[in-house]
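Every letter in the sequence shown is one number past the one before it in this note's numbering, and letter 340, counting from 1, is 1757.
Calculated directly from the structure, the hints in this document are not laboratory data. Some clues are possibly wrong.
What the hints assert, rightly or not - Simulated restraints on C-beta separations:
hint, residue 1, residue 2, range
1, Glu1535, Ser1627, 26 to 32 angstroms
2, Ala1719, Ser1604, 20 to 26 angstroms
3, Asp1522, Pro1451, 37 to 43 angstroms
4, Ala1583, Phe1764, 38 to 44 angstroms
5, Ala1705, Pro1613, 29 to 35 angstroms
6, Pro1513, Val1620, 58 to 64 angstroms
7, Gly1470, Ser1680, 23 to 29 angstroms
8, Arg1715, Glu1471, 31 to 37 angstroms
The beta carbon of each residue, even a glycine, is placed where N, CA and C say it ideally should be.
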Amino acid sequence: MKKTVAATVACGALAAIVVGCAPLRQATPPVRLPTSRPAALAIVGGHLAADHGEVSGLVAQTAQPNEHLEIIDPSAGQGGTVDPPVAPGVGPIPGPVPPKGLGADPTQFQTDAHNHQEAVYHAKVRADLDLLRTMLTARLRDWSAKLSSALARSGPNGSAGWNLRAGVSQAVSYFASLQEAGVAVGSRRVIVLFWPPSQPAAVVPLPVGSLSGTEVILADFPGDERQQALWQADLLQAGASRAVVLVPEATAAASMVVSQALSGSATIAPTVIRFPLNRASLQPAARATLARLALELRTTYAGDPANILGFADPLGPYSRNLRLSYQRAISADDFLVSHQVAASRLFAVGYGAALPVAPDSATGSQPLDRRVVIVIQTTR
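Hey, can you work out the whole structure from these sequences and the hints?
Following this line, the structure appears as structure tokens:
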């Protein structure tokens, strides 16, 4: 019996030694990207399937994880369902093992070794985050590419005409269906209305309160400033939380406006000023517009940066147009600085003849191409 007890004690002691010498297992926290809140985007227009490039381009530039998307086009042969209707995300991956904590009264050698292990650990976490961002970008790119292919395959179904009321109503119903399904998009509900070129710019009164809490972006709008103001007033009266009306030369900014809206950030319609042929000097109308913008930048949007994008018409050599577009941007920049807007908040760049107002027309659009577009960036 004594021998048995002794043997048991010896085995227990040996086990204690083995356990004591084994490395302690540490929890390995996973590496994940910040969680994206659900958002919903409804794109409404006539004959979107026939002109799918602008739509798929907008989706590709604004796609974010957990974004719900609906294409509403009465002329599309396959309806407006997007498959899959929700933008993909990327899950967590196993993270590196964090270093153990330092014991009491560590030596300098132990401290240096621990600091090195900490640096290696954080570098590995950053590398894992970069990997996740790359994976997410690839998945969102594939998702938007599938949308583009689906739109390209959609043929007209014989439906003609443009019924804005019906399109907006369908978009609002789509948002309501998400709410009923428990998808909490909150204020991140966005409707983009693509205006067909042949449609008159007359206001179509919408029911009061029908757009409650929804941000509406009206793109490719052909009307003048008075019609833009009327449309904005109509959309706001219908309950839109924000109404942005983009004329064709400012539609290039639509992707930024949509991205901000989907993320819950505030958006502001770009300011557009125009120039005479081969001139970069500001005209009286442009000065008045910039004076109002300077006041907004000093008060409502104090501290927010602004991009000043200069453009030229496609006439003449490339190098001259590029220089002229930059000079136009600098003219606007200098005016704003002279009106107490800090130069550090402004970024001026010239795009030459890029992004013409009517890229398919060789004549008739040049006066609209001679412009500067100013976009305020805000996260409010």
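| query | Against the structure shown, which of the earlier numbered hints fail to hold, in ascending order? | reply | 1
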